[in-house]
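Q: Next come the chains, spelled out residue by residue.
There are 4 protein chains.
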Amino acid sequence: MADEAAIGVLTSGGDAPGMNAAIRAVVRTGLQHGRKVIGVQNGYDGLIDGAYRPLGARDVGNILTHGGTMLYTRRSERFLDPRRQVEAVQRARAAGIGTLVIIGGEGSIQGANALAGHGLPVAAIPASIDNDVFGTDLSIGVDTALNTIVGAIDRLRDTASSHNRAFLVETMGRHCGYLALVAGVVCGAELVLVPEQKCGAADVLAAIRNAHDRGKTNAIIIVAEGAQCGIGELMRAIEATDVGLTARASRLGHIQRGGSPSALDRLLASRMGVKAVQALAAGQANVMVGLDGNSVRLVPLAQVIGRKRAPEDELFAMVRTLAL
Amino acid sequence: MADEAAIGVLTSGGDAPGMNAAIRAVVRTGLQHGRKVIGVQNGYDGLIDGAYRPLGARDVGNILTHGGTMLYTRRSERFLDPRRQVEAVQRARAAGIGTLVIIGGEGSIQGANALAGHGLPVAAIPASIDNDVFGTDLSIGVDTALNTIVGAIDRLRDTASSHNRAFLVETMGRHCGYLALVAGVVCGAELVLVPEQKCGAADVLAAIRNAHDRGKTNAIIIVAEGAQCGIGELMRAIEATDVGLTARASRLGHIQRGGSPSALDRLLASRMGVKAVQALAAGQANVMVGLDGNSVRLVPLAQVIGRKRAPEDELFAMVRTLAL
Amino acid sequence: MADEAAIGVLTSGGDAPGMNAAIRAVVRTGLQHGRKVIGVQNGYDGLIDGAYRPLGARDVGNILTHGGTMLYTRRSERFLDPRRQVEAVQRARAAGIGTLVIIGGEGSIQGANALAGHGLPVAAIPASIDNDVFGTDLSIGVDTALNTIVGAIDRLRDTASSHNRAFLVETMGRHCGYLALVAGVVCGAELVLVPEQKCGAADVLAAIRNAHDRGKTNAIIIVAEGAQCGIGELMRAIEATDVGLTARASRLGHIQRGGSPSALDRLLASRMGVKAVQALAAGQANVMVGLDGNSVRLVPLAQVIGRKRAPEDELFAMVRTLAL
Amino acid sequence: MADEAAIGVLTSGGDAPGMNAAIRAVVRTGLQHGRKVIGVQNGYDGLIDGAYRPLGARDVGNILTHGGTMLYTRRSERFLDPRRQVEAVQRARAAGIGTLVIIGGEGSIQGANALAGHGLPVAAIPASIDNDVFGTDLSIGVDTALNTIVGAIDRLRDTASSHNRAFLVETMGRHCGYLALVAGVVCGAELVLVPEQKCGAADVLAAIRNAHDRGKTNAIIIVAEGAQCGIGELMRAIEATDVGLTARASRLGHIQRGGSPSALDRLLASRMGVKAVQALAAGQANVMVGLDGNSVRLVPLAQVIGRKRAPEDELFAMVRTLAL
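Protein chains in written order, with my numbering: chain F, 1 to 324; chain L, 325 to 648; chain V, 649 to 972; chain P, 973 to 1296.
Have a look at the derived ranges for each label pair, beta carbon to beta carbon:
id : chain 1 : residue 1 : chain 2 : residue 2 : range
1  : F       : G230      : P       : L1177     : 24 to 34 angstroms
2  : P       : D1264     : V       : G744      : 37 to 47 angstroms
3  : P       : D1264     : F       : D49       : 52 to 62 angstroms
4  : L       : K522      : F       : A94       : 41 to 51 angstroms
5  : F       : L80       : L       : G524      : 53 to 63 angstroms
FYI, nobody ran anything at the bench for these hints, they're computed from the structure. Think of the CB as a built atom: it goes at the ideal place given N, C-alpha and C, for glycine as much as any other residue.
Take these sequences, add in the hints, and give me the full structure.
A: Dropping the structure here:
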């Protein structure tokens, strides 16, 4: 009977702070619905390999405050092969997993959709610090990453303002400039360079000259990982001007993925975890849980797959206005 | 000419992290609209007393990252007198202030409405760590306060779990349990006591016994400032049980009001500051800027005054489920 | 044979951040010396009750970064009875514990001395956020507690300076003013009240008037838990003056005990844990590990017991000078 | 008269958290000795150019908590020329500066010695996050940098343990491995590579295989900036093994220089600032203030110049033991 089948839960793709909070919510809500919950380790690889363990309420105690994921995560090459997907579904069913919650980013949600196609009812929870998942205003991990970036850039500003210096700060975001743009607003950057817009050294020089003319003695330029201009080239261009700023680069890198999740990420992950289990328990499968304004809602996977979330125009305009 | 009149800005009531970010956004957006911006110090007292100073773009440099408010804030007794309100409007007009942005909580927004009644076009920005302002999903300062609470309770949990101890943690919230409820979800509390619900020692004992029976060796109980039961009484009741927990109280107090604002509070404050000035510049006065889902919108002051925002039922249910 | 006997380790008294780092260092250094290491849970109560578990290198993985103590801790009433102490030694020996490392504060070190008197070779490691243990410049937990206090008071300063307010901040320290005095220097307090000095409302009023005359518009007064004047009385005295400051109290409380240990506490705890095991392995028992300047040295327990560490006069003078 | 001459103060070289706390202590202690204090901006360049401003007690209010330096800092090429040094001394004297406090690292202290040689009495305060200044156990900024590194690596560990990953983390330290070594102890690194020791991919592979054989599923390797092996090469070597770890690099970079100073750095800087002024007031010039164990003492500049501080052997051994 479907009602007696266990709920499986796995994390997949790059880790994001709050994944553990989501796992905890899935487990405890599942138990409260009278279901067994089975954790799948190592993402889709573990689903194929049968790396399953039952999870009780105490197993997810004390994980709420921890970054990373207690179930481990991977990007699985093998799972791209549809034969492996079928195998995975069979193995999961054999272990008593009747429905599956997948916590991860864009690629992981595509994987969820593949499983749904092979007949395993799934619910996806978007977790990705890039905030590039379509169908949700916010993914798990974004808020913590932003606060980490804020902490880092506030530190760099100390040094920048002591030295009359321009810092070029690289944030994550290979295809999506959301993180960089919001960071630009909340850290008071002079300019933000994102993958979605063409940019070059001329833009940077104009921003710096402009800042200098308005009396600023230092500058923070935020460059998303996927922006269309090289940091080395930008540094040389800045130092070649006559505004008297030295240039330094800081690549924030993987520290953006870790850390104890922020209040908002813990709340969002908890809400999404509860909602995902409620959906599966009510037979509403093959959906993603999305944040729509202030509400957590279900979105059919079919509406999510293959679409890209782009940052709002409002953010571009705000960076310009507030850098005054 | 209205277009040439300056925009005034003041902060009023209890301080909240992000007020400075809102001031900065008001000043720079105002300047970009070609207006002069005048800062009013000491809240409504300063409006009466003429504590005005012009603010340029550089005057609000480096304040984005600071808690508190560079314009100082107060709860003004004098301003409750309508004659003082009229005086204040006259003085403001004489100083060239044509419109006024007020950043503050419920009482401050009532003050804004009074000014509007005396003919001064105003725009209010909700700032209050209690999140009790009607007409906005979120007020400035709430997210930072929540992260401060998370940091504090994560510390208390270290001690609680080392000692088999129950902590009764008092958060701010005299009339509104929002902060306590969200803190309960994001800190994994066993129980949350709020002003909106009757509660007593029996609830606390049941929660603790329940937690103990499920294998928990410590407990966090969150008590909003205005909850209807005394912490001393609760402590005695806990220690009188046979579950073997000692009880301690921690009143988080004023640390909840301070600190460098979180990424979300900086973003929210910036968006609201921009919107308030855009509204005044467009002649849309006597409004509050509210967050409605993901959008920043204008709400007529008349719809806000005298109404209370209550925490969502979803939060009450989540605390129970996730404490499993 | 003594060489083959296991090393026991326990934590006792109030918890302090860094206790886990010390446990880890004891376990791994013990293993490297070819010894078994046995963890004793619940402090001296567990020693009496036989709450023992062997600890391997992996059992102490990931605890370095956590506050509190994985072995739990208590203040044991029973252990004050010498018959219980003898029982405890017999039980420990029967379990193969040949020597014992005790991590705790003043009372715990007295307990260690009692065990030594009953023939169990011990080494004590001072852990106490009050820094009141004689024979060491610094105890484990002090530095983390200071950074927690700094974080809290930096927040309060935001509010104090926004409101022209005096904050009376109570820190831990029932008998010892060290924590309060250093907090006074590093947070820029106007005055510090400690148990070691007489004080009254007159001192506070003089400091506040003085600060006001020098142009300060807010004040932070730090009051150690054991200071000889009541905070309520001080608040009333401040509000009765004409300098125009409102007064608020903030009792920092138990958050001072928790949190991920600072770099210095992790280093100190690691050094002390290594040294304690080296001492026992070399047959140098019945000692406390103390920090003497930059070196970690052994101090005979007999020299530590019954003596009090007092804060340096230099600190009293510095608070006065730097509050200028 | 010497007694009536002003005390000058400048910061030089790379900025370090706590420089502002030292400036504040110099200013307020100077004023208490009845001296005028003059701030020199932009390091030695400003000394040459006459970028002087008098500093009162209020000018250094609120800087205690800020990273960076309110006096700005630079590495001055011009000042290497002895003719410029003579000019600087003449200009300083003409402005009433009778003695000078220099806050900075190794190169800055050499500059102080040069000024002393030209007849200007100086006192140096060591500030350098690398902790490479000879004659002091600790320089200002080291403790804050270590806590920043701890915060960053604790984040990376979340990701490393979620992915079975090895992180190669580059810390500052071009010539001195102190920061990397202590970071290794306090972050639980598997291995630390420093400029003072030969190292190669073989060491890294041995450490990782060793960790793997002991049951570890992730690894943190800390590499000081000046270590004798390239991170790219190390990464390729790790991924070529069969232990199944992926490798990632994280260069912490300039965030290590910034941030609000830790409690210890504020205390150290305050003590050193007080001592430097006391020395000059007592006619004990041409010294550096050093931390010797628990005491702040004066060291003749002649003993400091041209010597290097090396990390203690104890640290090398501890990394190995505790990585067990």
